[in-house]
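**Student:** Let the sequences and hints guide you as you build the complete structure.
Letter by letter, the chains look like this.
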Amino acid sequence: MTAPRRPLPAWAEIAMLPLVNIALAFIVVGVIVAIIGVDPFHALRLLVVGALGSSESIGYTLYYATNFTFTGLAVAVAFHAGLFNIGGEGQAYIGGLGCGLAVLALDRWLPAWLLAPLAIAASALFGAAWAAVPAWAQAWRGSHIVITTIMFNFVASALMVYLMVNVLIAPGSMTPQSRTFAPSGRIPAMHDALQAIGISVAPSALNLTIVLAVLCCAAVWVFLWHTPWGYALRTMGHNPEAAVYAGTNLRRMTMLAMCLSGGLAGFVGVNELMGVHHRIVLDFPAGYGFAGIAVALMGRNHPLGIMLAALLFGALQQGGAELAFEIPSITREMVVVIQGLIILFSGALAHLPRPWLQVLFARRA
Amino acid sequence: MQALTPAAAAIELRGIEKSFGSVHAVRGVSLRIETGTITGIVGENGAGKSTLMSILYGLYRADAGEIWVDGQPVEMASPRDAIAHGIGMVHQHFMLIDSFTVLENMVLGAEGGLLLAGGLAAARAELARLARDYGLSIDPDVRVANLSVGEQQRVEILKVLFRGARILILDEPSAVLTPQETDRLFRILQTLRERGVTVVLITHKLREIMAATDRVYVMRQGRMVVERRTRDTSSEELAELMVGRKVRLDLDKAAPRQGEILLRAEHLSLVDDRGVRLLDDVGIELRAGEIVGIAGVTGNGQSELLQVLAGIRAPSEGRLTVCGRTLDARHPGNPADMRVLGLAHVPEDRLRQGMVAAFEASETSILGYQDGPPFTRHYLLDGPAVGAHCAQLMERFDVRPRSPGLRSSHFSGGNQQKLVLAREIARQPKVLLVGQPTRGVDIGAIEFIHRELVKARDAGCAVLVVSVELDEILSLADRILVMFAGRIVGEVEPGRADERRLGLMMAGADAA
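From first to last, the protein sequence lines are chains A and B. With the first letter of the first sequence counted as 1, position 254 gets the number 298 in this note's numbering; the numbers rise by one all the way through. With the first letter of the second sequence counted as 1, position 88 gets the number 74 in this note's numbering; the numbers rise by one all the way through.
Examples of chain A residues lying across from chain B (beta carbon under 10 Å, computed): (1) W273; (2) Y275; (3) H282.
Label pairs and their computed distance ranges (CB to CB): (4) A:V211 with B:C309: 52 to 62 Å; (5) A:T224 with B:P360: 51 to 61 Å; (6) B:D218 with A:P53: 50 to 60 Å; (7) A:A406 with B:A131: 46 to 56 Å.
Sample of chain B residues lacking proximity to chain A, with all beta carbon distances greater than 12 Å (derived): (8) A(-5); (9) T87; (10) L106; (11) R129; (12) A131; (13) R173.
Quick caveat, the hints were computed from the structure, so don't treat them as lab data. Computed from a prediction, not measured in an experiment: that's the story for all the values here. Each residue gets a CB set at the ideal place from its N, CA and C atoms; glycine is no exception.
**Tutor:** Here it is, written out as structure tokens:
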């Protein structure tokens, strides 16, 4: 007879399990890297140094993490409502459109302190609207949200190409991008902001949008666990029948959850367009929407976990780029494989090491 | 009682052990079931009866212990092995295909060859033999959907005998039957016994044990605590053995002091999307200070009635007046509004409706009451207030363990039910709807829940209890309404109600 398995202590469940998962992923990655003839420890060192070795690389890591935080939160909010939002990519895209339109329309008249909140609100509004259509189809027509949100990614992509090529393209430009935002339509870069208070760091893409990301984490936490709406939303996610019994209108709650989710995804547009490109460009969501699923999964759908997972994904993105640059035999594709393995181990195989840890803890107790 | 042969027992279990994770469900159980007897196994929910029988039937493997059938040790790796050894099981929920005929259901899984015709012909002959030998006649060509519940159960029993079973296990067979159908079932079981079939009856209804069995085993907390000859024991003794302490089965309550009408349903009907009338012209008046019981066999509209009264579903026709507000098809209510009006609802299925298994107990303790004070202030949930509220409920309703932070699913059925009941009663509602107040609840908690319902009544609450347990309705209610096929078919005073008449009404035979 095997010893009865006791549940793991909470701290081990939250902190240790993901670490073991990542370690496992790195072991497998190490084997693969060794097979293609690169010293895995050298590669690991390059990866870590590339992600965290200088103020510039840290800046880029945090900049990527900002995007991952937004999309991770978006997936998590929907997930708590029992909805699987795969449309983060499209919602980020359309959110960026809203943000860009607001800036293009107003950057010659409004000062930054007034324009930034408006543009941020516009990105949330457009992202929410893009999520609201599949939400409506699910709530009233019973169309499955997984299918419709995926389809909406394609629609968003096609719509943006059309708009950029035909409508928003800067006059006389050969590339499909809008005119450059006026300075009042830009979010200050972090190195400039820090310069202003006397701290000198290397320039990077990191900008003040990261503050918005942290605020969003806090707001999502408060909303989900400390407001009656978050309570009702989670009730619906766990047990829709109990939510009906409690008097929650499931249709309205579905709309609310998806609009919040889409709005959060829309903030990617703020970071990318107002923070970095300073114009509307094509394809800026670059997979952040899909990666958000993995980030939420790894962060256990908790804002704190999502922040940590986003940092990891940001570091991988940045460190991976450095790695591909330094070692020619490790290509961009190889870096994607590494990310995929980490998603595999922390997502699909997340519960794999639990029995081992349980045995370990049972022995110790 | 017939003479026990000196031959080996039909079934012998020796030292059976089974754990699920950290739950030790069956602890060193040994028992002996003689050939050609009816043996009852009683115990509270969670005592391990069903687990034990699942081990015997090959659905679970025991961690330790031996199973002997007819004097031979056997391995039960799957139900296939059990059937090969002549053991058959009739489940609580029937495993029949409604659109098939009795005969087609009979051959399911034993079709016999490539073409169905041969198997069917053989089955027809075998069915005729079984009908002759056991007095279990049934038309083989009728569709199962057209049979009554009692007849469907007979088909289940025939199916098991058809597979060559000599040992029959019945798991809570009376759960879906009217009293008359239950009596008929027991007569069938007696006939089977006379023909040498061994019957094992799993139930928590002591009355049935006393009426039908030769010998009874009592399980408590995974252990076999005692074995008795049925004629040497009594319901009271068995109840005490099941719970481990003295239990009062009767409920003494004062006469009701009825007040004003708080809930009035007039010509209430509910028609679903397919045009089926789930509720048909239902009229109910519920007064302050009384308990009205709705009796009926499961699935005759009781669940829908509760949903309509609680504002979850809007009636298709008719009017509902609750605490001064009138609802109808064009002015539907919703459960949140109804709560504000002073209506509380303990749902029939606590796990599916009444709570969220993954939530902490404290979160479950405010389900439906989360909006507004005292739990929400300035748009934020007041965590400490919620926790204190839950602790208070737990104290008052003796919910164990007293841990507001524990996940709701980690409480036993009885404690979950007490928590839900506590949540609904705590607000001192004017009208209290209770569905299946003690389903899946142990005897100790049943006693407590019944007393709390009477207490609420005496405090002036109008209580409506829906239950499929006739005993419960008889002991709790001040007036009894009987439901059949979506209609209220009669009203009875519990003092003058006899089970026979109620049973006939529940079966629709006395639709007056």
